[in-house]
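Chemist: All chains should be built: construct the whole structure from the sequences, respecting the hints.
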Amino acid sequence: MPKQERTPAPQAQDFAPPDPAWGLDKEEVRRRVEAGLDHAGGEAKAKSTLQIIRENVFTLFNLLNFTLGFLVLLTGAYQNALFLGVVFFNLSIGVVNQLRAKRAVEKLSLLSKVQVRVCREGVVQPVDFEEVVLHDILLLEAGSQIPVDCELLEGDCEVDETMLTGEAEPVYKRTGDMLFSGSYVLSGRCRAMAVRVGAESYAAKIVNDSKKLGKVHSKLLDSMNRITLFALAESAGAVLTVFIVIFGASLFLKEYFLLHDGARDSLLRTTAAVIGMIPEGLILLTNVALALGVYKLAQQNTLVQEMYSIETLARVNLLCIDKTGTITDGSLHLAELLPLEAEDEQAVRQALCELVWAVGDTNATAQAVRDAMPLEKSAWDLREAINFSPVRKWSGADFAEHGAWILGAPEVLAADCRLPLAWQQEIRRRQAQGQRVLLLAQGEGGFSRTGKEASYSGALAPRAVLAFEEGIRKESREIFRYMRQNGIAVKIISGDS
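Take -16 as the starting number for the sequence shown in this note's numbering and just add one per residue.
Rather than coming from a laboratory, the hints here were simulated on the basis of the structure.
Computed from a predicted model, the values in this text were never measured in an experiment.
Heads up, some of the hints might be wrong.
[Claimed, not checked] Below, a list of computed lysine-lysine pairs in the BS3-like style, where the Cα atoms sit at most 27 Å apart:
#1 Lys457 x Lys474
#2 Lys202 x Lys30
#3 Lys306 x Lys237
#4 Lys85 x Lys279
[Stated by the list, open to error] Estimated spans, in silico, between C-beta atoms of each pair:
#5 Gly441 x Glu461: 45 to 55 Å
#6 Ile476 x Arg37: 37 to 47 Å
#7 Gln350 x Val16: 38 to 48 Å
#8 Gly313 x Met260: 55 to 65 Å
#9 Leu56 x Thr309: 47 to 57 Å
#10 Met260 x Cys303: 37 to 47 Å
#11 Gly454 x Gly343: 22 to 32 Å
#12 Arg412 x Gln350: 17 to 27 Å
#13 Ala472 x Leu65: 15 to 25 Å
#14 Gly428 x Asp354: 48 to 58 Å
#15 Asp354 x Val299: 30 to 40 Å
#16 Ile476 x Gly454: 13 to 23 Å
#17 Arg412 x Leu82: 47 to 57 Å
#18 Thr309 x Gln329: 33 to 43 Å
Ideal placement from N, C-alpha and C gives every residue a C-beta, glycine not left out.
Modeler: Following this line, the structure appears as structure tokens:
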């Protein structure tokens, strides 16, 4: 009988994307679920409790000690088996630490288990997080979490990718851009198609990488293995391990056959000699010291998956960090408002407040202005407001008798503003100090729109410079001082200027 060829399982490329207005039908969803192209099981499972116990119990060190302990117990000399207490204590330290790490790792998730609005058969319906499949059409709006990697099909939006990149600045997305799982929609509405689901999604890869427990590269562990003769990966360790067994058997035969001691006495003397060749106390003290280190780190909300990884901390001489969320706390505050004419300060403050209220942006810059100037909105007549866009890098509002006011990046507005040289130098100086600088300008022209983009026509008069600073974590100064005292160089890697 000819051998039947097995039909290969369908892959992602075997499925065609649907019409964005119609979405998938029930049959297409079923086929994708059967092919494993849904979001269920996207995150890898950590080691089970049974696996952790088995890995810590079934070791060569324990095998030899348990064998010797069993032989001692057979003789009835139970007091001579007290060395097993050290073995069980060592074993419990490893098991407890890994179980604690397992519970902490299982809590890791960049995705909330919520319902998602999808379009299927032309009808918008909510589905559970795990039920999203490849090529599902998702409807996203402000406040929505992006559950899978998507391609933006219609509309535009601002996305918060802080959970993925650590950077608090919103990212502007347009048609054709990728929306990564684990990020949030801050503003706008869009229709997107799922292109990577399950373990292939960006957030799942991050979480799964954090759950992997690689091989421990520890000089301390390697030295312990050589001392205790259990480095089976090395030929010398294997030879010495076999030597202990041969030596123990030879000693027992000598005691029993040559010296004619009883089986009980011969066994006890042999066990005592072999146990003396295994430095159990050294292993115990090392594990206790490492366990105390794990405990102290746990009090600082630090996850330690492997005890010997603590040794890595003692060998660090260069630490690379980012800025947002590490040195800074992500907050922004208005450090100084500098009107170009001192007598205009009150008018500038009022115009800035009106502009922020009219535009209604919820980004960190607008919130910092509101916090610094909690003025109530007055009766300025609003003709048109333009929201901030990361593409054009400014926001603006046109007030009837007060003209148009624009707040944006100095390098963008400089083309329409005749900014004095002294103020140009002041802006560059503050930017070099790490401040975020914006320029407030006034004009008599108006705004025009081309599709969803906006532009301003007419000359602008610079009115004020705003200098913002990010909030610094309270403990940052102490941490950097500690690093310097211990000879650790710190390098900051940041996308900011």
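Chemist: Please go over all the hints and tell whether each is borne out by the structure.
Modeler: A quick look at each hint next to the structure:
| no. | hint | result |
| --- | --- | --- |
| 1 | Lys457 x Lys474 | holds, 19 Å |
| 2 | Lys202 x Lys30 | holds, 25 Å |
| 3 | Lys306 x Lys237 | violated, 69 Å |
| 4 | Lys85 x Lys279 | holds, 18 Å |
| 5 | Gly441 x Glu461: 45 to 55 Å | holds, 51 Å |
| 6 | Ile476 x Arg37: 37 to 47 Å | holds, 41 Å |
| 7 | Gln350 x Val16: 38 to 48 Å | holds, 43 Å |
| 8 | Gly313 x Met260: 55 to 65 Å | holds, 57 Å |
| 9 | Leu56 x Thr309: 47 to 57 Å | holds, 55 Å |
| 10 | Met260 x Cys303: 37 to 47 Å | holds, 45 Å |
| 11 | Gly454 x Gly343: 22 to 32 Å | holds, 24 Å |
| 12 | Arg412 x Gln350: 17 to 27 Å | holds, 26 Å |
| 13 | Ala472 x Leu65: 15 to 25 Å | violated, 49 Å |
| 14 | Gly428 x Asp354: 48 to 58 Å | violated, 31 Å |
| 15 | Asp354 x Val299: 30 to 40 Å | holds, 38 Å |
| 16 | Ile476 x Gly454: 13 to 23 Å | holds, 20 Å |
| 17 | Arg412 x Leu82: 47 to 57 Å | holds, 55 Å |
| 18 | Thr309 x Gln329: 33 to 43 Å | holds, 39 Å |
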